[in-house]
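Student: Spelled out, the chains give:
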Amino acid sequence: AQSVTQLDSQVPVFEEAPVELRCNYSSSVSVYLFWYVQYPNQGLQLLLKYLSGSTLVESINGFEAEFNKSQTSFHLRKPSVHISDTAEYFCAVSRDSGGYQKVTFGIGTKLQVIP
Amino acid sequence: EAGVAQSPRYKIIEKRQSVAFWCNPISGHATLYWYQQILGQGPKLLIQFQNNGVVDDSQLPKDRFSAERLKGVDSTLKIQPAKLEDSAVYLCASSLNRGARETQYFGPGTRLLVL
Numbered sequence: 001a002q003s004v005t006q007l008d009s010q011v012p013v014f015e016e017a018p019v020e021l022r023c024n025y026s027s028s029v030s031v032y033l034f035w036y037v038q039y040p041n042q043g044l045q046l047l048l049k050y051l052s053g054s055t056l057v058e059s060i061n062g063f064e065a066e067f068n069k070s071q072t073s074f075h076l077r078k079p080s081v082h083i084s085d086t087a088e089y090f091c092a093v094s095r096d097s098g099g100y101q102k103v104t105f106g107i108g109t110k111l112q113v114i115p
Numbered sequence: 001e002a003g004v005a006q007s008p009r010y011k012i013i014e015k016r017q018s019v020a021f022w023c024n025p026i027s028g029h030a031t032l033y034w035y036q037q038i039l040g041q042g043p044k045l046l047i048q049f050q051n052n053g054v055v056d057d058s059q060l061p062k063d064r065f066s067a068e069r070l071k072g073v074d075s076t077l078k079i080q081p082a083k084l085e086d087s088a089v090y091l092c093a094s095s096l097n098r099g100a101r102e103t104q105y106f107g108p109g110t111r112l113l114v115l
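Protein sequences appear in the order of chains A and B.
Here this note's numbering is used: position 65 in the first sequence is 65, and no number is missing along the way.
Here this note's numbering is used: position 60 in the second sequence is 60, and no number is missing along the way.
Honestly, the hints are just simulated from the structure, not real lab data.
On a predicted model such as this, the values are computed, not experimentally measured, just so you know.
Mixed in with the good hints there might be a few duds.
Stated by the list, open to error - Chain B side only, calculated, beta carbon under 8 Å to chain A, not exhaustive:
#1 Gly40
#2 Gln48
#3 Gln50
#4 Val55
#5 Ser58
#6 Pro61
#7 Lys62
#8 Phe65
#9 Leu91
#10 Gly99
#11 Thr103
#12 Gly107
#13 Pro108
#14 Gly109
For each residue, glycine too, the CB sits at the ideal point set by N, CA and C.
Model the full assembly from the supplied sequences, consistent with the hints where possible.
Tutor: Given below as structure tokens:
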């Protein structure tokens, strides 16, 4: 079994301030880690993912996340947020299940950027 | 390329009525997922198809929910009869392949309100 914990349901932050959205996971097998973002009235879309290699992964719009195996975390960070970053962010873990993908999503963190 | 299409976008029904949702995945994507996203929670997998076969329907309430993907392309999810607790956003997603490393591509969702 696997689980994902996003401790913060809402995170308000002022524009141009840094932000960290926390994600912890548990799994008895190797997993892959994803962050998806959901803008208002839209479906989820991939922000970034960790599959292997460098534990620091980046997105095209300035977000980054670091896979920490010892702390079973995959926190999402951005040094300076913009109004357009206002959205809900979902952390997800994926493992192999009989050759298929088994994904578990966290409950989401709503990032509200304040002008 | 065109994204995942879903219809309708919104639906309001009374309890005990039936409702159907339609999804057309990205062309060439073999794996299709239906998720239920209740307010304040992350997406929960209802059913997963590989082409036209069911891979995982362990969390589908089979007494009232059914889904099909007859030709291995588009898919329909049905609820009959609906209950108040079925009020949620129903998300369809697809991926090119079935492995644990795959990115899922989501449609905009169908927001269902059961009165």
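Student: Next, verify each hint and record whether it holds.
Tutor: The hints, checked one at a time:
1. Gly40: Check passed: Cβ of Gly40(B) comes within 7 Å of chain A, closer than 8 Å.
2. Gln48: Holds. Min distance 7 Å.
3. Gln50: 7 Å, holds
4. Val55: 5 Å, holds
5. Ser58: 10 Å, violated
6. Pro61: 19 Å, violated
7. Lys62: 19 Å, violated
8. Phe65: Check failed: Cβ of Phe65(B) comes no nearer than 19 Å to chain A, outside 8 Å.
9. Leu91: 6 Å, holds
10. Gly99: At 6 Å from the nearest chain A Cβ, Gly99(B) passes the 8 Å test, so the hint holds.
11. Thr103: Holds - the Cβ of Thr103(B) comes within 8 Å of chain A, reaching about 5 Å at its closest.
12. Gly107: Gly107(B) check passes; min Cβ-Cβ to chain A is 5 Å, inside 8 Å.
13. Pro108: Cβ of Pro108(B) sits 5 Å from chain A, so the hint holds.
14. Gly109: Given a least distance of 6 Å, the restraint on Gly109(B) holds.
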